[in-house]
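Residue strings, one per chain:
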Amino acid sequence: MIRYIIRRLIWAVALFLTVTLIGFVLFYLIPADPAKFACGRACTPDMVKKVAHYLGTDRPVYVQYGKFLGRIMPVSFHGGFHLKSPNLGRSFVNRQSVDYTIGQAAPETASLVLGGLVIWMLIALPIGILSALRPRSLLDRVSMTGVLVGISTHPVWLGLMASWLIGYKLHITPIAGYANFFHPLFAQPGGPIQWAYHLILPWITFAILFAAVYVRMIRANVMETMNEDYVRTARAKGAPEARVMRVHILRNALLPVVTMLGMDVGLALGGAIFTEQVYSINGLGYQTIQALNNYDSPTVLGILVFVCTSVIVMNLLVDLVYAWIDPRIRLS
Amino acid sequence: MPLLEVKDLKTYFSTGDGVVKAVDGVSFSVDKGETLGIVGESGSGKSVTCLTIMGLNARRNTMSMGQALFNGEDLLTASQARLREIRGNDIAMIFQDPMTSLNPVHTVGTQLIEAVTLHRDVPKKEARARALELLKQVGIPRAERRIDDYPHQFSGGMRQRVMIAMALINNPELLIADEPTTALDVTTQAQILALIEKLQADYNSAVIMITHDLGVIAEIADDVVVMYAAEVAEKGPVERIFRSPHHPYTWGLMGSLPRLDTDVDRLAQIQGQPPSLLRPPAGCRFHPRCPYVMDVCRKVDPELAPVGDDRRHLQACHLDEETKEREAARLLGAFSTEASAAP
Amino acid sequence: MRKRLWYTAPLSLIGAAALAAALAVTAAGSPTARTAGQTLQLASSATDVDYTDPALSYSVLGAQIEYETCAKLVNYSDAGGKFDNELTPDAATGMPVISKDGKTYTFTIRSGIKFSDGAPLTAQSFVAAMNRDANPSMNSPVSAFMSEVVGWDNVVNKKASKISGVTAKGNKLTIKLTQRDGGLLDKLAMPFFCAIDPAKTPINPQGVNTLPGAGPYYIASRTVGKQLVLKRNPYYKGNRPHRADTIVMTMNTNPQQTFLQISNGTYATDPNGLSNPSAAAQLAKQYGVNKSRFFVHSTPETDYVALNTSRPTFGSVAVRKAVNYAIDRPALLRVRGALAGQRTTEILPESLTGGVYNQHLYPIAGADVSKAKQVSGGKCGNVNLWYATGPVGTPQSGILKYNLQQMGCNVQTKSYVGYAIYTAAGVRGNDMDAMFAGWLQDYADGYDFFHILLDGRTIQASNNNNLAYFNNATVNKRIDQANALTGPARAKAWGNLDIYTMKNFAPWAPIDNRAIRDYVAPRVAGYLYMPAWGAQDLGTLYLK
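Residue numbers (the numbering used here), protein chains in the order written: chain Z, 1 to 332; chain F, 333 to 675; chain D, 676 to 1219.
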């Protein structure tokens, strides 16, 4: 087990380095000069040079990459070997600490994604299971049509329609915006109730696409598992249907769902971009778009590091959880 | 009264292509402590017969008719709750493929304990002790450790032993074994069969052994039912069937057995293919493949009739008695050195 | 019947009470435009303010905020709810005393002005502000405009720690220049010259977020990327309006949603202007223009097509002039939506021309292809047309390509994302023939346009703003001449130079002067447009 984890960690580091290196090089190749942008359009070339020096963009790319890695490390060799907190640098555009930006954005994305996760599972599990139990029934056909609509509908369109109808016309929910759970902004709604109230539409918008995909997957898995021999054995033992469903069918059918959940959450934490855009949620996806438009490479790379790390961690977690719940994997 | 009496059992499945008559008028009975062997090709309806008795067919698009009297109670009309009481408790069933018949994510112990607690209100410790006891009885070495292992940690033969343990854990009166050794190698086959026989004696259970292997029949069955195309072709006590088979299909089965004492280039085989159960042939269902086919065979489906005055040995064939005796003797001449001793 | 229903009454009472409680909780938390003590809720869509540090902020939104929070030497007054587009003294007692040679400016600072934390504002406050601006650690963009101040560049180049040319004695502030600069006062009105309390506004390359202010408001808090809060300066005694107690600006909101939220009163307005340009026509129809809810004003900004005079095709004056006939100004402007701007054929916005302004140097009603061909002699050549992708750039590139093709040019387009186009176009010797560009005034003087955008002597290897790479000795001389003037003569000189340049050299094909369209929520009053900044005044808004 320890060796397994160590091996995974080594792979994780290799992946991490590859991703950041590629990101770094891509930015370097783009013909945009952040120093000029940061300095201001009226700047003389002399001033631009000074700003470039301040930003660090006048060093060769490998030096910049080295500094970037050095910042991320939790250890430092300057003045002797010692621990330090890793940091992701400063934005070229507004000189803010990227750590701070991510620290602000990540909880918003997490609120959206994790809440959306709960909702999409609450939708997908019962519908998927019921559809599998009654294939080709009215419920099944309706839910499969719903799945098609859910997969095809673009979250931006859905979000705009929903917020316009339910927020603006019917005044049932707020139109857009994020209410902070712990520390409301000055004169802005906050606290748990407002937080949830502002997230109702975003959660639903975000969840629909995933719910559609998961309904299909759960339905397929359950239908397949229902035909397994061990299900027949369980019935032959005299088990009631509820028990057969719970202990034998679902316990097996939902195993792949665990893997997919882990992967989807890891990816979605990188930014449920469309939903964030539509509802003015300044999460990681939104920040990435802003930073990309401004060629703000520290912010983009910082978010890349964060997302890369979270995906790696999620995948590792998923593998460990999967090994725990599927004994066939555990012992190999 | 017989433990299980099946009367004119029919099971029809309605599919997109039409009605499949998987079991079309099957009758037999099993006495307490006896072993009945049901033999036939794939698709003859032998498994479906037993699944119907247990009520394990999918309920949609399935019609079952006839009677399956277990201790006088008709299982076909019993409620689902009643059937669940009986399954795993009074009648137990084990299946063909031990690799897939156990739930891979639960330990063997958990599944054995489940079999107990579904029918008895006992504390888990007691159920576990019982499970351990059965594992030892079926010959699992180091059972105390193995009880907490997962199915994939057992070999095929071991898994089948576990299945048998699970089936017998509640002392069922009847054990239905659906081709329990088909997926196993020959050595293991012999072991499993021996185990079944032994436990049958210990528990005094009746056994229905479904198989396509006449060797298995010869080994352990008291009575035999030969099925072909959803109907019974011939049935009777095992010595009668082996010494004096009275149906061309049975002759074909016997004749296709490999033999040690003669050199043959090819095994004799029954020509033709098993028929479709969607649109079975008119008249006798075996007639397209029968070397002895007569006109009447094409029109009239023969009824089961006794051989001579042996009411226990029945066959369904239009051939006259003489021809059958002659053919039986011819076959037996070939078999005379191998007439198997009774088990 | 009665028996079954006896419990429903108390149950529904409990239910109603619970519902009311829940609604009350949510209502108390939800932002409506009307709350006690007049808190104004604003939404800045799609963007945050770049900085709130006066040394660094270089945006319209930053200027709007600092206009409320800063006291400057000279400023534009909005006293009485009217905007005065002429500079008047702010923290100074009067306009400065200027020496005969025009190189020394002396201001007398008024007494009794206090910052929001009670500290007094003195001449030193301005010395500190300028020294801070010049400090090399700050990398302030204003240094690009201040080379004429004695000693400024020495501080920037780390040769001195203080600007020798800026001194304070008692309540007198003296600024010495190396040469005459008729635009100095306009420059001093820029937000970079906000008076600061140096103790509370340290040198910080990242920029300070909050600082004491001597204007009607001060910056009470800033959560970067999310929110800015302005509160009334308790020590402000001047005559500038500050109607709302508190101004709360939520940043980075979605533009379409902001439009809906202004419509239903969640936000009072978007300081950046109408966030949803496609709604402009409908708003004009519904509310009229400049009446109650929807306002349109011209800003000191020019959108133009830069024609690269250093390359073969547009090296010919005749061809450049022909472009000015061939270009379809109305079509290009329509891409920006209804009421987006005013067509122009001049370099400078009208406010900088001293009244010498001619909108019809070239056709503004549409393309005149035959005249264009006549002027160019029917020849054109290859044109590499660069543009930035987006809802405006992409359609405009299509229109211009068509116009040029009609004129006989062979057009290849090349697209860029965001400001990369400026980086690439700023490199001398690039292969751009024509590109779309725009320039908003930094301060109210024509030098800001001419010197930066059309003075050939500023052309360097890279980071050029003179995208036409235009270098004409006569024009250069006339830039210097105009720059030496002061007063109305100065503005007129710029106006004349503008017409002269466009008539004789046409380095650009100007398209329009952008308009700002502002949309306010119902029950919001006090809208005031500030021509100097091209944006609305935040201090005059209130809820009826």
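If you're looking for bench data, these hints aren't it; they were derived computationally from the structure. Accuracy of the hints is not assured; some may be wrong.
Just so you have them, the derived chain Z footprint on chain F, three or more residues with Cβ under 8 Å [as the list claims (entries may be wrong)]: (1) 418–430; (2) 437–448.
Derived lysine-lysine pairs resembling DSSO-like cross-links, with alpha carbons at most 30 Å apart [stated by the list, open to error]: (3) K960/D with K912/D; (4) K1089/D with K49/Z; (5) K1048/D with K1076/D; (6) K847/D with K837/D; (7) K169/Z with K966/D; (8) K844/D with K789/D; (9) K169/Z with K1219/D; (10) K775/D with K757/D; (11) K844/D with K49/Z; (12) K1048/D with K1178/D; (13) K1076/D with K1089/D; (14) K851/D with K778/D; (15) K169/Z with K834/D; (16) K169/Z with K901/D; (17) K901/D with K84/Z; (18) K1178/D with K1076/D; (19) K851/D with K775/D; (20) K67/Z with K833/D; (21) K49/Z with K833/D; (22) K530/F with K364/F; (23) K847/D with K775/D; (24) K1178/D with K49/Z; (25) K834/D with K844/D; (26) K844/D with K775/D; (27) K1178/D with K1219/D; (28) K1178/D with K1152/D; (29) K49/Z with K851/D; (30) K789/D with K834/D; (31) K364/F with K631/F; (32) K49/Z with K1152/D; (33) K960/D with K1054/D; (34) K1054/D with K1076/D; (35) K757/D with K960/D; (36) K775/D with K837/D; (37) K468/F with K457/F.
In this text, a Cβ means the ideal position worked out from N, Cα and C, and glycines have one as well.
So, going through the hints one by one against the coordinates:
no.	hint	result
1	418–430	holds (count 8)
2	437–448	holds (count 5)
3	K960/D with K912/D	42 Å, violated
4	K1089/D with K49/Z	28 Å, holds
5	K1048/D with K1076/D	16 Å, holds
6	K847/D with K837/D	18 Å, holds
7	K169/Z with K966/D	26 Å, holds
8	K844/D with K789/D	19 Å, holds
9	K169/Z with K1219/D	24 Å, holds
10	K775/D with K757/D	34 Å, violated
11	K844/D with K49/Z	35 Å, violated
12	K1048/D with K1178/D	17 Å, holds
13	K1076/D with K1089/D	11 Å, holds
14	K851/D with K778/D	6 Å, holds
15	K169/Z with K834/D	63 Å, violated
16	K169/Z with K901/D	26 Å, holds
17	K901/D with K84/Z	29 Å, holds
18	K1178/D with K1076/D	23 Å, holds
19	K851/D with K775/D	12 Å, holds
20	K67/Z with K833/D	26 Å, holds
21	K49/Z with K833/D	14 Å, holds
22	K530/F with K364/F	16 Å, holds
23	K847/D with K775/D	18 Å, holds
24	K1178/D with K49/Z	37 Å, violated
25	K834/D with K844/D	24 Å, holds
26	K844/D with K775/D	21 Å, holds
27	K1178/D with K1219/D	51 Å, violated
28	K1178/D with K1152/D	17 Å, holds
29	K49/Z with K851/D	27 Å, holds
30	K789/D with K834/D	33 Å, violated
31	K364/F with K631/F	39 Å, violated
32	K49/Z with K1152/D	29 Å, holds
33	K960/D with K1054/D	45 Å, violated
34	K1054/D with K1076/D	16 Å, holds
35	K757/D with K960/D	26 Å, holds
36	K775/D with K837/D	26 Å, holds
37	K468/F with K457/F	17 Å, holds
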